[in-house]
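Colleague: Listed below are the residues making up each chain.
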Amino acid sequence: MANQFDHIRDQFPILNQQVNKYPLVYFDSGATAQKPFRVIDCISDFYKNANSNIHRGVHTLSRKATEQFEAARKSIATHFNVTNDQQIIFTAGTTDSINMVAQGLAKSHLKPGDEIILSTYEHHSNILPWQLWAQEHKGKLKIIPLLEDQSLDYTSFENLITSKTKLIAITQVSNTLGLITDLEKIKAIALKHNIPFLIDGAQSAPHMAVDLQQLDPDFFVCSAHKMYGPTGSGLLYLSERWLKELPLSKTGGGTIKTVSFEKTEYAEGALRLEPGTPDISGVIAFAEAIRFMDEIGLDSIYKHEEELVLYAQESLLKLSEVTVYGQSKHKAGVISFNVKNQHPFDVGTLLDKYGIAVRTGHHCTQPLMQCLNIQGTVRISFGVYNTKSEIDFFIEKLQKTIRMLS
Amino acid sequence: MSIQEIENEIVEEFEYFGEDWEAKYEHLIDLGKALPLINPALKTEERIIKGCQSQVWLNAEQKDGNIVFTADSDAIITKGMIALMVRVLSEQKAEDIIKADLDFINKIGLKEHLSPTRANGLLSMIHQMKKEALKRI
Ligand SMILES: Cc1ncc(COP(=O)(O)O)c(C=O)c1O
Numbered sequence: 001m002a003n004q005f006d007h008i009r010d011q012f013p014i015l016n017q018q019v020n021k022y023p024l025v026y027f028d029s030g031a032t033a034q035k036p037f038r039v040i041d042c043i044s045d046f047y048k049n050a051n052s053n054i055h056r057g058v059h060t061l062s063r064k065a066t067e068q069f070e071a072a073r074k075s076i077a078t079h080f081n082v083t084n085d086q087q088i089i090f091t092a093g094t095t096d097s098i099n100m101v102a103q104g105l106a107k108s109h110l111k112p113g114d115e116i117i118l119s120t121y122e123h124h125s126n127i128l129p130w131q132l133w134a135q136e137h138k139g140k141l142k143i144i145p146l147l148e149d150q151s152l153d154y155t156s157f158e159n160l161i162t163s164k165t166k167l168i169a170i171t172q173v174s175n176t177l178g179l180i181t182d183l184e185k186i187k188a189i190a191l192k193h194n195i196p197f198l199i200d201g202a203q204s205a206p207h208m209a210v211d212l213q214q215l216d217p218d219f220f221v222c223s224a225h226k227m228y229g230p231t232g233s234g235l236l237y238l239s240e241r242w243l244k245e246l247p248l249s250k251t252g253g254g255t256i257k258t259v260s261f262e263k264t265e266y267a268e269g270a271l272r273l274e275p276g277t278p279d280i281s282g283v284i285a286f287a288e289a290i291r292f293m294d295e296i297g298l299d300s301i302y303k304h305e306e307e308l309v310l311y312a313q314e315s316l317l318k319l320s321e322v323t324v325y326g327q328s329k330h331k332a333g334v335i336s337f338n339v340k341n342q343h344p345f346d347v348g349t350l351l352d353k354y355g356i357a358v359r360t361g362h363h364c365t366q367p368l369m370q371c372l373n374i375q376g377t378v379r380i381s382f383g384v385y386n387t388k389s390e391i392d393f394f395i396e397k398l399q400k401t402i403r404m405l406s
Numbered sequence: 001m002s003i004q005e006i007e008n009e010i011v012e013e014f015e016y017f018g019e020d021w022e023a024k025y026e027h028l029i030d031l032g033k034a035l036p037l038i039n040p041a042l043k044t045e046e047r048i049i050k051g052c053q054s055q056v057w058l059n060a061e062q063k064d065g066n067i068v069f070t071a072d073s074d075a076i077i078t079k080g081m082i083a084l085m086v087r088v089l090s091e092q093k094a095e096d097i098i099k100a101d102l103d104f105i106n107k108i109g110l111k112e113h114l115s116p117t118r119a120n121g122l123l124s125m126i127h128q129m130k131k132e133a134l135k136r137i
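Chains as they are written, first to last, in our numbering: chain A, 1 to 406; chain C, 1 to 137.
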């Protein structure tokens, strides 16, 4: 049956190339997704036709650039079902957003001795900003453990909560295992104890519809580059409360109503948190990337990638030398595995010789690796452009790789 | 044999594989497997060269005016590359080790393993071998 994914590859110029004399198989979208023509063109169009600084000029070009920038905010807000577009703050990406929240909260909300709950899945970007706070302010990090099947242990999660718990910061999808967090459970417990929660959406937003009105977190963060958009751009969603209350961790031009050397009256809304000239073309292209995804439909994307993941997982499990981590029927775009007695680096090196791009190592989740008692894994991750025949080719070459190594 | 002679020998050995990279890698893997292991007692923190992913242990000793290297890695392809380096640089004079340009890696088509983005610690290993030589001059 023909479907809309059949010819989607044609929209990604980079995929049309040979690597080591083989057609490129790009299985590393979890690290960063490739960009369709329309996103690439959007950046070059901006510089050809509208480049100008925003929010300050009286001239026509500046108005044009400002309009495109603010239209991007509106359309991205709509994508996440956020009514007040001011709740979308543009940042340099997930890591930048989490740092803004951590440094902001450290100024008012968090007190010495307070506790923050994270999960075993977390990416270093959702650990280190909190660890830094904890080290500087005698705070404490508590970690939601894993069950036998590598899903999160929600029962012991609630037992971690004390009167000092001030925040829960958790990923929606594990970037290493592809397992999906049950945010409804997290949210119910957070609400019951009246604790703010942050969702790291870096690996969920590329693969599934995220409704922020329904999830209603205090903070949600993601990166454009994993969503077919450019690097250097991303967002921080804030609830109405934090949009007003989050203390500033950085400040400067563009955020104000009036400034004197003695004091400053800040602007309201998103601008308060966006000092300096932003990545204007990056934000506009981010919105274009999201339009690209919306036109396909996030439910279709999820279904397409789930099919790929399940197909790859099944195929891998047929190989007796392979261990798949976090086996599940519900995964978002990512599979981690190892070949028995072989270093992931060797497996990745040989797959690369066949033009297959995979990621090997700890994937910036060393605590998770420690918990699984492994050094690293081979990770394959999918985007809209991947196909089952690429998976067949990968499995064939993986078998060859295993023969070569053993 | 001099460093240059060993390099030439390796280049000749690899010419046999021509464009057949699979055969070349199989050979590299075999070299890795055959590498005499470093004495486990020498696999200490000071001797570790950390790549982001695979790591290398390197030991240097002086013997009869030459430097003897032994090394190991947790990844087999890295180990194969190490085997080549040890073959070329071990039991040579410190001055010669420092001067070696190791161009053979380029000639046998494996220079990708020495690119600075490579996560295997090999480039750092070569720097370390030269530093060890420099210490003993
Ligand atoms: C779950 C998760 N969180 C955070 C990040 C960091 O994202 P960025 O490097 O775009 O800031 C990543 C990216 O690898 C991720 O997968």
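Accuracy of the hints is not assured; some may be wrong.
Calculated pairs, DSS-like style, for lysine-lysine (alpha carbon to alpha carbon, straight line, at most 30 Å) [stated by the list, open to error]: (1) K107(C) to K397(A); (2) K397(A) to K24(C); (3) K107(C) to K353(A); (4) K50(C) to K400(A); (5) K340(A) to K43(C); (6) K400(A) to K107(C); (7) K400(A) to K24(C); (8) K140(A) to K250(A); (9) K318(A) to K33(C); (10) K400(A) to K130(C); (11) K33(C) to K63(C); (12) K107(A) to K140(A); (13) K318(A) to K263(A); (14) K192(A) to K111(A); (15) K353(A) to K135(C); (16) K135(C) to K111(C); (17) K353(A) to K107(A); (18) K397(A) to K50(C); (19) K63(C) to K340(A); (20) K400(A) to K111(C); (21) K353(A) to K63(C); (22) K340(A) to K107(C); (23) K21(A) to K111(C); (24) K397(A) to K111(C); (25) K131(C) to K138(A); (26) K340(A) to K135(C); (27) K340(A) to K329(A); (28) K187(A) to K257(A); (29) K166(A) to K138(A); (30) K107(C) to K21(A); (31) K318(A) to K24(C); (32) K353(A) to K111(C).
Don't read these hints as lab results, they were simulated from the structure. Being a predicted model, the structure only gives us computed values, none of them experimental.
Colleague: So, for every hint listed, does it hold in this structure?
Modeller: These are the hints, each one checked on the structure:
no., hint, verdict
1, K107(C) to K397(A), "26 Å, holds"
2, K397(A) to K24(C), "16 Å, holds"
3, K107(C) to K353(A), "18 Å, holds"
4, K50(C) to K400(A), "29 Å, holds"
5, K340(A) to K43(C), "23 Å, holds"
6, K400(A) to K107(C), "26 Å, holds"
7, K400(A) to K24(C), "14 Å, holds"
8, K140(A) to K250(A), "25 Å, holds"
9, K318(A) to K33(C), "27 Å, holds"
10, K400(A) to K130(C), "37 Å, violated"
11, K33(C) to K63(C), "25 Å, holds"
12, K107(A) to K140(A), "16 Å, holds"
13, K318(A) to K263(A), "67 Å, violated"
14, K192(A) to K111(A), "21 Å, holds"
15, K353(A) to K135(C), "38 Å, violated"
16, K135(C) to K111(C), "27 Å, holds"
17, K353(A) to K107(A), "50 Å, violated"
18, K397(A) to K50(C), "29 Å, holds"
19, K63(C) to K340(A), "39 Å, violated"
20, K400(A) to K111(C), "23 Å, holds"
21, K353(A) to K63(C), "40 Å, violated"
22, K340(A) to K107(C), "33 Å, violated"
23, K21(A) to K111(C), "17 Å, holds"
24, K397(A) to K111(C), "23 Å, holds"
25, K131(C) to K138(A), "42 Å, violated"
26, K340(A) to K135(C), "40 Å, violated"
27, K340(A) to K329(A), "23 Å, holds"
28, K187(A) to K257(A), "36 Å, violated"
29, K166(A) to K138(A), "14 Å, holds"
30, K107(C) to K21(A), "19 Å, holds"
31, K318(A) to K24(C), "29 Å, holds"
32, K353(A) to K111(C), "14 Å, holds"
Against the hints set out earlier in the document, violations occur for numbers 10, 13, 15, 17, 19, 21, 22, 25, 26, 28.
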